[in-house]
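Chains as they are written, first to last, in our numbering: chain A, 1 to 136; chain S, 137 to 606.
Please keep in mind that the hints were generated in silico from the structure rather than gathered at the bench.
Values in this document were obtained by computation on a predicted structure and should not be read as measured data.
Accuracy of the hints is not assured; some may be wrong.
[Claimed, not checked] Derived PhoX-like pairs (lysine-lysine); straight-line CA-CA distance at most 25 Å:
1) 538/S - 107/A
2) 271/S - 107/A
3) 271/S - 354/S
4) 326/S - 72/A
5) 72/A - 467/S
6) 107/A - 246/S
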Amino acid sequence: MQKYEFLEHTADVMFVAYGKTFNELFENAAEALESTMVLLDGVAEAQSTAITVSSDSCENLLYDWLAELLIKFEVERFAVRKCFVRIVDLLLTADCLGETVDPRRHKLNTEVKAVTYHNLSIGKNDVYHAEITLDV
Amino acid sequence: MTFEELLKRDEFIWEVPQDVALGMRVPGRIFISDRLKNYLEQGAIQQVANVATLPGIQKWSLAMPDVHTGYGFPIGGVAAFDVADGVLSPGGVGFDINCGTRLLATTLLKEEIAPRIDELVTALFDAIPSGLGSKGSLRLSEKELDDVFFGGAKWAVNHGYGNPADLKHCESNGCLDGADPAKVSPLAKKRGKPQLGTLGSGNHFLEIQYVDRIFDEKAAHLFGLKEEQICIMLHSGSRGAGHQICSDYLRMFQAASRKYSIGLVDKQLACVPADSHEAREYFSAMAAAANYAWTNRQVMSFWTRDVLERKFNTTATLVYDVAHNIAKLEKHVINGERKDVYVHRKGATRAFDQDTSYGIEQPVLIPGSMGTASYVLHGTKKAMSTTFGSTCHGAGRVLSRKAARRSLTWREVTEDLHQKHITIKTEDLAAVPEEAPEAYKPIDEVIDVVSKLGISEAVARLTPVGVIKG
Chain A
1 MQKYEFLEHT ADVMFVAYGK TFNELFENAA EALESTMVLL DGVAEAQSTA ITVSSDSCEN
61 LLYDWLAELL IKFEVERFAV RKCFVRIVDL LLTADCLGET VDPRRHKLNT EVKAVTYHNL
121 SIGKNDVYHA EITLDV
Chain S
137 MTFEELLKRD EFIWEVPQDV ALGMRVPGRI FISDRLKNYL EQGAIQQVAN VATLPGIQKW
197 SLAMPDVHTG YGFPIGGVAA FDVADGVLSP GGVGFDINCG TRLLATTLLK EEIAPRIDEL
257 VTALFDAIPS GLGSKGSLRL SEKELDDVFF GGAKWAVNHG YGNPADLKHC ESNGCLDGAD
317 PAKVSPLAKK RGKPQLGTLG SGNHFLEIQY VDRIFDEKAA HLFGLKEEQI CIMLHSGSRG
377 AGHQICSDYL RMFQAASRKY SIGLVDKQLA CVPADSHEAR EYFSAMAAAA NYAWTNRQVM
437 SFWTRDVLER KFNTTATLVY DVAHNIAKLE KHVINGERKD VYVHRKGATR AFDQDTSYGI
497 EQPVLIPGSM GTASYVLHGT KKAMSTTFGS TCHGAGRVLS RKAARRSLTW REVTEDLHQK
557 HITIKTEDLA AVPEEAPEAY KPIDEVIDVV SKLGISEAVA RLTPVGVIKG
């Protein structure tokens, strides 16, 4: 199973994330977002941080989770290399491993302005899948 | 939704009939030529139709000739909503609130700058932070940031970053009334605080251009433009502050839309009644972001002038500063009646037939893609009756960023710029193909359509000689 796949979108960045479980879907969506902003190969799992997000629907939880990671990146300059997500009753807790971004050591990619709600959906065929559009 | 479903109403006017999609309250109108029609995406037509489903929309859901698929509203979208029974939609403004364009005119001529263009580009690149997560050199207190949100470009001028004449040459004098820093979340303030005076990344840029053609001598003279003159164009917005304000209110409006029983065909179109307290709060926060953006461009102008003074012992005057992602409370004649409406411009530029800045029609600034011409135009009466006083905002993308990177290398693109005698500096070479001319529609064709349609008229064409890509 592919973790995620970037799709064509004229103006912005769109991807579909996959996961055998809901937790894995959220972990892979996080990796797709982080890889949009920074080359993940260069990011070490040197520090850890915990994130907690609760929401009123699965889609909103995914939006809030990605928005939280975006803030961590922009405000705290923390890039997440790997995360472990647990979701129980629309309460997400995550242990995130990564490090502080240093433009001299890390290859920065695209500035993400925001996660959008555009066509935001979570579905399941063989595995869970979610489509996300980022404003860049 | 396909092109075959559109009806040709006139030369350059294609209608999205009201009955092609469920829930459309008005028809859509897309302004394109036969050539630009080839670039029109089904997704963009669908988004024009989606906007037409929003409550209180007046006359048409519009798309300018540079239209392309966005999220929620199409990019190039314009819609006006009744103040009494219409809505305000953060998605109709976008995340980069008051992303806009500013043009400074120097006293230098092309031939004077040619031998020193690399030096000038490098000095500007060093003076103005650009690229992902760039931080400015301004250190603002919480109180000062609130003053920026409240005062806009006026704050910058009062603190020495420009002169009072600059304010006269900004849309809305560089400040939207009704801004309230208290409606801006702590997180938005945190994102915005270190970024004032930064260009950002993606399609944001600073270009050194020269006036290569004048179409309207009288207007060009009034705007202070003459042939061969060196100008500097800035394209930037409200940075993280605006992005977060839009995110905060979109999030809030997901639930609020349900509260007001507004059915949404796309969650990104979340909106609230224009006369609700939620709408008033959003407008106050959006105005704060718009003011931040005007301050941002004003501060970058100050550093640009500082470089011109240090390197060339000269300065530059502000020709104009115009927003292209914004919602404004305006008066328009609708079905014979003059009404207050909230005009949402998402990748569209105001193009009024009257403006106080020069006493003639309002200047309009339309940047081309990297390495191609940009235009100065002015608004028209026709724009007032056809597009709620709006026109295009640029060339408009045709290739996704991914496709652009696939089909071009940064070496090819920079070599092409070099062939055209254009110097480029950027923090992110790998992203250069994303902004290549091939990734955009031909700007000359877009300008041709808005001119022939009569929603704006060309004053001057500017050709780049140096580019700082954000």
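Verification of the supplied hints:
1. Proximity of residue 538/S to residue 107/A is assessed by CA-CA distance (about 18 Å); at most 25 Å being required, the pair is judged to hold.
2. The suggested pairing of residue 271/S with residue 107/A holds, with an alpha-carbon distance near 17 Å, which does not exceed 25 Å.
3. Restraint check for residue 271/S and residue 354/S: not satisfied, since their Cα atoms lie roughly 41 Å apart, outside the 25 Å limit.
4. Taken as a hint, the residue 326/S and residue 72/A pair is honoured in the structure, with Cα atoms around 12 Å apart against an allowance of 25 Å.
5. This hinted pair does not check out: residue 72/A and residue 467/S have alpha carbons roughly 42 Å apart, beyond 25 Å.
6. For the given pair, residue 107/A sits about 36 Å from residue 246/S by alpha-carbon distance, which is inconsistent with the 25 Å threshold.
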